[in-house]
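J.: Sequence:
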Amino acid sequence: MYEKRKIWLGVSSALLATTVASTEVEAKSDITVNAQFNAGISSVALLSAGEGGEGEGGEGEGGEGGANIDLAKDNAAYLAQLGLIRGHLWVGYKLYQEGHIDMAKTHMKHPEDELYAGMEPVFKARQVDGFAKELQVLADAVNGEKGDAAVKKAYQSLQNQIAKSERIEEKSARDVLISISLMVRTAADEYAIGVKNGDVVNVHEYQDAYGFTEIAIERLDSINSEQQQLAAKDIENTRQWLLELRDLWPTVDPQGKLEGDASHLYGAAARIELAAMNN
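Note that my numbering has the sequence shown beginning at 653, numbered continuously upward.
Worth flagging that the hints you see were computed from the coordinates, not collected in a lab.
Treat each hint with caution, since some may be false.
[What the hints assert, rightly or not] No more than 25 Å apart at the CA atoms, straight line, and that leaves these computed lysine to any residue pairs for SDA-like:
#1 Lys725 x Asp781
#2 Lys816 x Val780
#3 Lys885 x Glu870
#4 Lys785 x Ala815
#5 Lys798 x Glu764
#6 Lys805 x Ser824
#7 Lys776 x Gln813
#8 Lys757 x Lys725
#9 Lys804 x Thr758
#10 Lys848 x Gly908
#11 Lys823 x Thr903
#12 Lys885 x Ser874
#13 Lys757 x Thr903
#14 Lys798 x His856
#15 Lys757 x Ile869
#16 Lys848 x Asp754
#17 Lys785 x Lys798
#18 Lys798 x Asn720
#19 Lys757 x Asn720
#20 Lys785 x Arg819
#21 Lys909 x Arg898
#22 Lys804 x Leu767
#23 Lys776 x Pro763
#24 Lys885 x Glu821
#25 Lys816 x Pro773
#26 Lys909 x Asn854
#27 Lys804 x Ala777
#28 Lys805 x Glu866
#29 Lys785 x Lys804
#30 Lys804 x Arg778
#31 Lys746 x Lys909
#32 Lys746 x Trp901
#33 Lys885 x Glu866
#34 Lys725 x Arg778
#35 Lys725 x Ala777
#36 Lys746 x Leu910
#37 Lys805 x Ala784
#38 Lys776 x Gln788
Owing to the predicted nature of the structure, the values given are computational and were not obtained by experimental measurement.
Please build the complete structure, drawing on both the sequences and the hints.
T.: Below, the structure is given as structure tokens:
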């Protein structure tokens, strides 16, 4: 299984914000919003290692036009990339808790995995330690089936160490909201691959989308109090849009038909990005 190394990053966010009013977005269907999102934003594949490749499910992993984002300087992209790692781990831990051990193992990350390895020079540039040791301990605990207590301890330790690398409390509400929009956009791409006409055709992608969205919800509570006050309305709107998405995942291991559609995720990503532009 190929590792995801991308997040779909709207590098021309401001262009969309100046041409599509948020009230107009609210009045349109999710499908129309998605069309505006794709038309108004220049989406490029963000490669932490700066290399191309071929993704699972036929996804392209190479950057369009060779564009690269500097994660050492772009706070929103940096937070989004760490959010993807958190999302993988979140869903892996949830699967483990519910007894789906084999599936949980597929979501556990290692320091040598592409998604993390490409971040090491970024951590160095940002003068943070990273979390390679904690990542390995959790992977060993899950893959070695060392028991609930060991897995829980390793997971909590890893979350604490990731937070030290994120330093969300130092970031602006705008950066955090944009990172959330990027994560939800990536979740939409994954959900579109995982669910076709109500059938789960790729459960791993369906689960990834679940994890990315849940981490996006959690991230709102990490915004510092000053920024919470300054962007209170946009943060609350974002929270509501994200909570409405939870119906797309009735369970982590679905059976039978689903009513969910990726257009809801694309629409939410567009609305959140527009909200971020207010700050």
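J.: Now, for every hint given, state plainly whether the structure supports it.
T.: Okay, the hints, checked on the actual structure:
For the proposed pair Lys725 and Asp781, the alpha carbon gap of about 17 Å is at most 25 Å, so the pair holds. At most 25 Å may separate the alpha-carbon atoms for a hinted pair to count; Lys816 and Val780 meet this at roughly 7 Å. Using a Cα cut-off of 25 Å, the hinted pair Lys885 and Glu870 holds, with the two alpha carbons roughly 17 Å apart. Simply put, Lys785 and Ala815 have alpha-carbon atoms about 14 Å apart, close enough for the 25 Å limit, and the pair holds.
Under the criterion of a C-alpha separation no larger than 25 Å, the hint pairing Lys798 with Glu764 is consistent with the structure, at around 21 Å. Only pairs whose Cα atoms come within 25 Å are accepted, and Lys805 paired with Ser824 is rejected, the gap being roughly 31 Å. Of the pairs offered as hints, the one joining Lys776 and Gln813 holds, with about 15 Å between alpha carbons and a cut-off of 25 Å not exceeded. Among the hinted pairs, Lys757 with Lys725 is inconsistent with the structure: their alpha-carbon atoms are about 33 Å apart, more than 25 Å.
For the suggested pair Lys804 and Thr758, the alpha carbons sit about 17 Å apart, so the restraint of at most 25 Å is met. With a C-alpha separation of about 12 Å, the suggested pair Lys848 and Gly908 falls inside the 25 Å cut-off, and the hint holds. Between Lys823 and Thr903, the direct Cα distance comes to roughly 33 Å. Violation of the 25 Å bound is thereby established for this hinted pair. A hinted pair counts as satisfied when its Cα atoms are at most 25 Å apart, and Lys885 with Ser874 qualifies at roughly 16 Å.
This hinted pair checks out: Lys757 and Thr903 have alpha carbons roughly 18 Å apart, not beyond 25 Å. Between the alpha carbons of Lys798 and His856 the distance comes to roughly 23 Å, so the proposed pair stays at or under 25 Å and holds. A threshold of 25 Å between alpha carbons decides the hint, and for Lys757 with Ile869 the separation of about 24 Å falls inside it, so the pair holds. The suggested pairing of Lys848 with Asp754 holds, with an alpha-carbon distance near 24 Å, which does not exceed 25 Å.
Pair hint Lys785 plus Lys798 holds up; C-alpha atoms about 17 Å apart against a cutoff of 25 Å. Simply put, Lys798 and Asn720 have alpha-carbon atoms about 40 Å apart, too far for the 25 Å limit, and the pair is violated. For the suggested pair Lys757 and Asn720, the alpha carbons sit about 31 Å apart, so the restraint of at most 25 Å is broken. A C-alpha spacing of about 19 Å is found between Lys785 and Arg819, which places the hinted pair at or below 25 Å, so the restraint holds.
With a CA separation close to 16 Å, the supplied pair Lys909 and Arg898 stays within the 25 Å bound. Distance check on the hinted pair: Lys804 and Leu767 sit about 23 Å apart at the alpha-carbon level, within 25 Å; holds. Between Lys776 and Pro763 the CA atoms are separated by roughly 15 Å; this keeps the pair inside 25 Å, and the hint holds. For a cut-off of 25 Å, the pair hint linking Lys885 to Glu821 stands: about 19 Å separates their Cα positions.
Restraint check for Lys816 and Pro773: the C-alpha separation of about 16 Å stays at or below 25 Å, so the hint holds. Between the alpha carbons of Lys909 and Asn854 the distance comes to roughly 13 Å, so the proposed pair stays at or under 25 Å and holds. Restraint check for Lys804 and Ala777: not satisfied, since their Cα atoms lie roughly 31 Å apart, outside the 25 Å limit. The hinted pair formed by Lys805 and Glu866 meets the criterion: a straight-line CA distance of about 20 Å does not exceed 25 Å.
This hinted pair checks out: Lys785 and Lys804 have alpha carbons roughly 16 Å apart, not beyond 25 Å. Note on Lys804 and Arg778: the hinted pairing is violated, with a Cα-Cα distance of about 29 Å set against a maximum of 25 Å. Between Lys746 and Lys909, the direct Cα distance comes to roughly 22 Å. Compliance with the 25 Å bound is thereby established for this hinted pair. Restraint check: the Cα-Cα separation between Lys746 and Trp901 comes to about 13 Å, which is no more than 25 Å; the hinted pair holds.
For the given pair, Lys885 sits about 20 Å from Glu866 by alpha-carbon distance, which is consistent with the 25 Å threshold. A hinted pair counts as satisfied when its Cα atoms are at most 25 Å apart, and Lys725 with Arg778 qualifies at roughly 8 Å. Annotation: proposed proximity of Lys725 to Ala777 holds, straight-line Cα distance about 9 Å (limit 25 Å). Straight-line distance between C-alpha atoms of Lys746 and Leu910 comes to about 20 Å, which keeps the hinted pair within the 25 Å bound.
Taken as a hint, the Lys805 and Ala784 pair is honoured in the structure, with Cα atoms around 16 Å apart against an allowance of 25 Å. For the hint pairing Lys776 with Gln788, the CA-to-CA distance comes to about 19 Å; that is within 25 Å, so the pair holds.
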